[in-house]
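K.L.:
Residue numbers (the numbering used here), protein chains in the order written: chain A, 199 to 492; chain B, 2 to 315.
Calculated directly from the structure, the hints in this document are not laboratory data.
Treat the hints loosely; a few may be bogus.
Stated by the list, open to error - Pairwise CB distance ranges (calculated): (1) A/Y305 x B/I308: 17 to 25 angstroms; (2) B/F45 x A/N335: 14 to 22 angstroms; (3) B/F45 x A/E384: 54 to 62 angstroms; (4) B/T128 x A/I404: 53 to 61 angstroms; (5) B/A224 x A/R398: 47 to 55 angstroms; (6) A/R398 x B/D61: 51 to 59 angstroms; (7) B/H172 x A/Y305: 54 to 62 angstroms; (8) B/L34 x A/I280: 16 to 24 angstroms; (9) B/L34 x A/L345: 46 to 54 angstroms; (10) A/N335 x B/L299: 43 to 51 angstroms; (11) B/L90 x A/G343: 25 to 33 angstroms; (12) B/L34 x A/L272: 31 to 39 angstroms.
Unchecked claim - Listed next, the stretches of chain A that the computed footprint assigns to chain B, with coverage defined by at least 3 CB atoms under 8 angstroms from CB atoms of chain B: (13) 264-270; (14) 308-320; (15) 334-346; (16) 399-413; (17) 455-464.
Stated by the list, open to error - Examples of chain A residues lying across from chain B (beta carbon under 7 angstroms, computed): (18) T205; (19) Y208; (20) C209; (21) F214; (22) L219; (23) L221; (24) T241; (25) A292; (26) L324; (27) F366; (28) L389; (29) I468; (30) A469; (31) A471.
The beta carbon of each residue, even a glycine, is placed where N, CA and C say it ideally should be.
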Amino acid sequence: MGEDRSTAFYCLAAFFALFVLFLYGPMIVIFILSFQGPTGGLTFPLNGLSFHWFERLWHGGGIVDISDAFKRSLALGFVVMILTVLLSLTAGLAFRKRFRGSDLLFYVAVASLIVPSIVTSLGIALEFRLLDDFLKNHAPAWIAGDLKTTMGTFTSGLGAHLTWTLPFGLLVMFAIFNRFDGRYEEAARDLGATPWQTLRYVVLPIILPSVIGVGLFGFTLSWDEIARSSQAMGEHNTLPMELQALTTTVTTPEIYALGTATTGVSFGVIALALVAITLIRARQARFGSDAGQA
Amino acid sequence: MTAAADTGAVAAPKAESKAAQTAIDRVGVPGWLQAMPFGLVFLFFFVIPLILVVIVSFWDYNDYAMLPSFTTRSYTETFEGCLTQFPDLCTILKTYLSTAKFCFIVWLTTLLIGFTIAYFLAFYVRTVTMQMVLFLVCTIPFWTSNVIRMISWIPLLGRNGLVNLALERAHIVDKPVEWLLYSPFSVGLAFTHLFTFFMVVPIFNSMMRIDKRLIEAAYDSGASGWQTLWNLIVPLSKPGIVIGSIFVVTIVMGDFITFDVMGGEQIASAGKVVETRLNALQFPPAAANAVILLAVTLLIIVGLNRIVDVRKEL
């Protein structure tokens, strides 16, 4: 706006700095406190620095066994990531064409973001309970015999997570294809590429960085999801659900250590995605055509 | 790549001709087939579940199971006393009123903070790279767990937390302030902490679409900074404001985790009513409460949608 940095700029910049402090300050505090000495408590002061609480967490010495939940959440997050990328990509391609029901599908996907998670979770729980009842009463004996429940991490739980990650995936896909230059495809077609070749060798390489972003959404949203999981996971809790349960029972810094470890995984995945995106962009810049560039 | 090239690439496909669109339509797998897997997920894990919630809310139940016979028992029980106790409020109305109060306060704080942050990023940061870096800084916490961001307030706000320590050291208070944690205050604070993100992103997006020449024109016509802000930027950011508002309001309306963790399980909320019934395995009343929650949420969205057509802005 103005030529010189105005008073307004400095006020707003200060406000922004405060906001960033507000966002990160508390988290940094628990990262520090997770290295609390063995005799330390939930608040300052620090009684020495140690990995004591991480060790307890790792060996399962203290609270309930976290490692199972950890592995389960990791596996679920990975599957959700793959499916989110595949389904959002195909749906994103579909929405570029006109097809019957595209408006309806769009509204349903957006509604899934807006309907309170507890309602969706309850619905999925009801669906699987009714399915269980139906199978126990009507299915042949070899199914009904040892059936306890059809609910589980990779049935109802996976579905619940997808209703949360896919709308985000679709919205990102819209953003991608809104700025995608269709002339690349036309050129490929004119050169005789089949639709599959066009997708595989032209479209995908161009949009790959953004597709990695969709995968990042898929994993991290699943990794931290609680509200939708709450009724739909069956007998095994995911890591954030365990963490939430622990907030009322655990009174040692172990919970901070768990928080630090969980956030560490999130940040690791974000860093991995950013590195991948940067590498691909660099590759694109190196091998891309210089046509039309000044 | 330069910023100019970037915007050029954004603008180009907008001009996609009708012929090109038909060409896209005809190529390869038909659209409905490509969208099928995506659609099926929502059919099985969203649409059918919602229908079941509505159906089951009209079922009967006993201590062990739900009984598939039509009754409005779950609804009459939920609204029990609402007529007889009038003008005193019954439990469910009190709960909704309290949740609505939280909604309003959180909406206002996230809107004010979110708008200011987006305004700073969109109009006062000069380079696109810096804009993106600062924007990322604001969004990264969104990729981490909400529960961890909630418990991270404990060492600050607790009875022996940093805030109380500072207040006591400065002799502002004699004994620790109790209302900082496990209180309506901490719930509101946590909501603001968690969900300002949902305001910043759409408002920033709307602001980035505002033609900078309009602002120069306003400046040249002698408008003051405030006049430009109020008469130009606020109206043009309205779509973003409404989308952000929908997100924040619906999240707070249906939340039960933040109320639980930050309220010390003492504060009732619309979402928690559903969860409490579920923990008692009373599915029909849980479903009835879910239907009521859904209806209230939809009413709010319809109201907000009247202000601006959201679909057009995405």
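K.L.:
Classify the hint on A/F366 as holds or violated, based on whether any CB of chain B lies nearer than 7 angstroms to its CB.
P.N.:
This hint is violated: A/F366 lies away from chain B, its Cβ roughly 11 angstroms from the closest one there, beyond 7 angstroms.
K.L.:
How about the segment 308-320 of chain A: do at least three of its residues have a C-beta closer than 8 angstroms to a C-beta of chain B?
P.N.:
Since 11 is at least three, the answer is holds.
K.L.:
Three residues or more, CB to CB closer than 8 angstroms: is that satisfied between the segment 264-270 of chain A and chain B?
P.N.:
Violated, because only 0 residues of the segment 264-270 of chain A bring their Cβ atoms closer than 8 angstroms to Cβ atoms of chain B.
K.L.:
Using 7 angstroms as the Cβ threshold, decide whether A/Y208 counts as touching chain B.
P.N.:
Constraint on A/Y208 not satisfied, violated at 10 angstroms.
K.L.:
With chain B as the partner, please determine if A/T241 meets the hint condition of a C-beta pair closer than 7 angstroms.
P.N.:
OK, holds: A/T241 within 7 angstroms of chain B, min 5 angstroms.
K.L.:
Cβ-Cβ distance between B/L34 and A/I280: within 16 to 24 angstroms?
P.N.:
Given range 16 to 24 angstroms: holds, Cβ gap about 20 angstroms.
K.L.:
Measuring from the C-beta of A/T205 to each C-beta in chain B, is the shortest one below 7 angstroms?
P.N.:
10 angstroms, violated
K.L.:
With chain B as the partner, please determine if A/L219 meets the hint condition of a C-beta pair closer than 7 angstroms.
P.N.:
Violated, because the Cβ-Cβ distance from A/L219 to chain B comes to roughly 11 angstroms (cut-off 7 angstroms).
K.L.:
Is 46 to 54 angstroms respected by the C-beta to C-beta distance linking B/L34 and A/L345?
P.N.:
33 angstroms, violated
K.L.:
Checking hints one by one. Is A/L324 an interface residue toward chain B, by the C-beta closer than 7 angstroms rule?
P.N.:
5 angstroms, holds
K.L.:
Are B/T128 and A/I404 spaced within 53 to 61 angstroms by their CB atoms?
P.N.:
25 angstroms, violated
K.L.:
Regarding A/Y305 and B/I308, is the given constraint of 17 to 25 angstroms on their beta-carbon distance met?
P.N.:
Holds - the Cβ-Cβ distance for A/Y305 and B/I308, about 19 angstroms, lies within 17 to 25 angstroms.
Consistency note: the structure conflicts with the earlier hints numbered 3, 4, 9, 10, 11, 13, 15, 16, 18, 19, 20, 22, 27, 28, 30 and 31.
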